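Engineer: If you're matching them up, the sequences are chains A and B in order.
Heads up: the first sequence begins at 0 in numbering that gives the first Met the number 0, then just goes up one per residue.
Heads up: the second sequence begins at 0 in numbering that gives the first Met the number 0, then just goes up one per residue.
It should be emphasised that the hints constitute simulated quantities derived from the structure, not laboratory data.
Heads up, a few of these hints could be off.
You can't tell identical chains apart in this list, so a pair holds if it fits in one copy or across any two.
Taking lysine-lysine and the DSSO-like style, the derived pairs with C-alpha atoms no more than 27 angstroms apart in a straight line are [what the hints assert, rightly or not]: (1) K230 / K45; (2) K116 / K45; (3) K116 / K273; (4) K103 / K3; (5) K159 / K198; (6) K273 / K103; (7) K273 / K230.
Everything numeric in this text was worked out from a predicted model, so none of it was measured.
Protein chains: 2
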Amino acid sequence: MAVKDIAYLGPEASFTYLAAKGIFPQENLQPFTSIPECIEAVAEGKVDLAVVPIENTLEGTVPLTLDYLFHEVNVFVIGELVSKIQQHLLVHPQNAERWEQLEKIYSHPHALAQCHKYLYYRLSQVPLQQYGSTAAAAKLVAENPDQLIGAIANASAAEKYGLTIAQENIHDFHFNHTRFFVISRENTRIDEAHKRPDKKTTILLTLPTDRSGALHQVLSVFAWRQLNLSKIESRPLKTALGEYFFLIDVLADEEEPMMRGAMEELGALGCTVKPLGTYYTYETP
Amino acid sequence: MAVKDIAYLGPEASFTYLAAKGIFPQENLQPFTSIPECIEAVAEGKVDLAVVPIENTLEGTVPLTLDYLFHEVNVFVIGELVSKIQQHLLVHPQNAERWEQLEKIYSHPHALAQCHKYLYYRLSQVPLQQYGSTAAAAKLVAENPDQLIGAIANASAAEKYGLTIAQENIHDFHFNHTRFFVISRENTRIDEAHKRPDKKTTILLTLPTDRSGALHQVLSVFAWRQLNLSKIESRPLKTALGEYFFLIDVLADEEEPMMRGAMEELGALGCTVKPLGTYYTYETP
Chain A
0 MAVKDIAYLG
10 PEASFTYLAA
20 KGIFPQENLQ
30 PFTSIPECIE
40 AVAEGKVDLA
50 VVPIENTLEG
60 TVPLTLDYLF
70 HEVNVFVIGE
80 LVSKIQQHLL
90 VHPQNAERWE
100 QLEKIYSHPH
110 ALAQCHKYLY
120 YRLSQVPLQQ
130 YGSTAAAAKL
140 VAENPDQLIG
150 AIANASAAEK
160 YGLTIAQENI
170 HDFHFNHTRF
180 FVISRENTRI
190 DEAHKRPDKK
200 TTILLTLPTD
210 RSGALHQVLS
220 VFAWRQLNLS
230 KIESRPLKTA
240 LGEYFFLIDV
250 LADEEEPMMR
260 GAMEELGALG
270 CTVKPLGTYY
280 TYETP
Chain B
0 MAVKDIAYLG
10 PEASFTYLAA
20 KGIFPQENLQ
30 PFTSIPECIE
40 AVAEGKVDLA
50 VVPIENTLEG
60 TVPLTLDYLF
70 HEVNVFVIGE
80 LVSKIQQHLL
90 VHPQNAERWE
100 QLEKIYSHPH
110 ALAQCHKYLY
120 YRLSQVPLQQ
130 YGSTAAAAKL
140 VAENPDQLIG
150 AIANASAAEK
160 YGLTIAQENI
170 HDFHFNHTRF
180 FVISRENTRI
190 DEAHKRPDKK
200 TTILLTLPTD
210 RSGALHQVLS
220 VFAWRQLNLS
230 KIESRPLKTA
240 LGEYFFLIDV
250 LADEEEPMMR
260 GAMEELGALG
270 CTVKPLGTYY
280 TYETP
């Protein structure tokens, strides 16, 4: 089988890279600098697949991914990756002994938020600077040994850029995982060993009209069929405050008779439904 | 009446400042550098009130505000402010003619996201740099006239820091509003002229157990009473992927008999309920 081209949210040593490498060790992984670029690359056929973050235990849904899938493209989710997230405080080896005197700490806004308490209580005097990604922050620290700066990033970034882990596991909550979607133009699915047994279907929808109880009615479609929802999320429609679309994760296969019935009824209720497909979940390192 | 101390998410000329100034023109507005610090200042009694962003038309809920209100403090929402958000590309007056040759554009991640299409199609060669706030980015540009850099920020920041508006209204969607919560330790409410007629009650809750259809059951409590929900939002509980708490906005007063009945039943169903109070909505410039 030909080697696949797979876009991921870079740079190399990002959490997305680690997740993608875990499930696609043999494929050609290509870093892209933003989530829209990853998804566009699939939609335009420049790559076969893309791996992008969709949700983190602490930070919640990644709005850009969800919005882009709803508003901008017609693609499918063919697999879900779940990875444990561990954040460390990294410094240049020259400054390993002086990490308590850091003058600035760089990282992605999500990583800074994930370590909020640690930073607030242990390093409250150190200014924080938001940066494009955890790995880019690590690279910056590696390139500026003369500056007393640190980065919050993963162990793979420390290794890649030759940095010292000054403080390990500084994230506030220790059940910190991120979900990644594997995106394709085809409504297929990744079917390999080591998957979790349950299949999941993701549906994006808008409610019929702004009538009282519309969401309740939509949930009734699933409830009486005992179709279990593992997630429901509202996102603004970008038209006016108070207008939303919804992401619903159902623990079922879209080809099951009950699911086919549910989807038909959602249409009949006046919902606009955009199914993203049925897929398995894989745990990656 | 004594002048009130009111914390807001700074710096001065931030969108939060504009909203706060609109409703509290006579009070002592104090900038704080983060949302948790604003809310903590109220909880600890250092200030009387705080104004913090809770939701934007494009970006959705501000996770930090919602999480902090749920996990960290016991405070109330006593009013809601709604402001129109207009983003401009600002440059130093010296560089007014050369805005198309900018070497970097700084702004808050939300502002960058709000102008994503404009930046992608018109200025795709210019690197973007996330920054703590739109106003701080404007300040940076003002302090570095020799650098070809720009900021995305509002007109008030342009005025305060003496910058030129190189490109006006570059936000992608033109129904862009932000909601702000006015936070207090007392469960009271702001009751002035020029408010919208409807009262709104915000409730945070966790579902009884992870049983199928629990959310449907919760929504039934409101649906059969014809209590209209204007918003429902799920946020991770930070314990494991797939466990959430919910924010529900109900267009009703918590003192109405139907609402008292609904709140009682939510408790009886096994929900943990944290009511944030009933409040009015004010449009501010």
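Engineer: Compare the structure with each hint and give your call.
Structural biologist: Hints, one by one, checked against the model:
In the homo-oligomer, the alpha carbons of K230 and K45 never lie at most 27 angstroms apart, since the shortest distance is 31 angstroms inside one protomer and 38 angstroms across protomers. In this assembly of identical chains, K116 and K45 lie within 27 angstroms of each other by CA distance solely across copies; the values are 20 angstroms between and 42 angstroms within a copy. For the homomeric pair K116 and K273, the shortest alpha-carbon distance between copies (23 angstroms) is at most 27 angstroms, but the shortest distance inside one copy (39 angstroms) is not. Taking CA atoms no more than 27 angstroms apart as the test, K103 paired with K3 passes in neither setting, with 40 angstroms inside one copy and 34 angstroms between copies.
In this assembly of identical chains, K159 and K198 lie within 27 angstroms of each other by CA distance neither inside one copy nor across copies; the values are 35 angstroms within and 55 angstroms between. Taking identical chains as interchangeable, the C-alpha atoms of K273 and K103 are never at most 27 angstroms apart, the minima being 44 angstroms within one chain and 37 angstroms between chains. When the C-alpha separation of K273 and K230 is checked against a cutoff of 27 angstroms, the pair qualifies both within a copy, at 16 angstroms, and between copies, at 21 angstroms.
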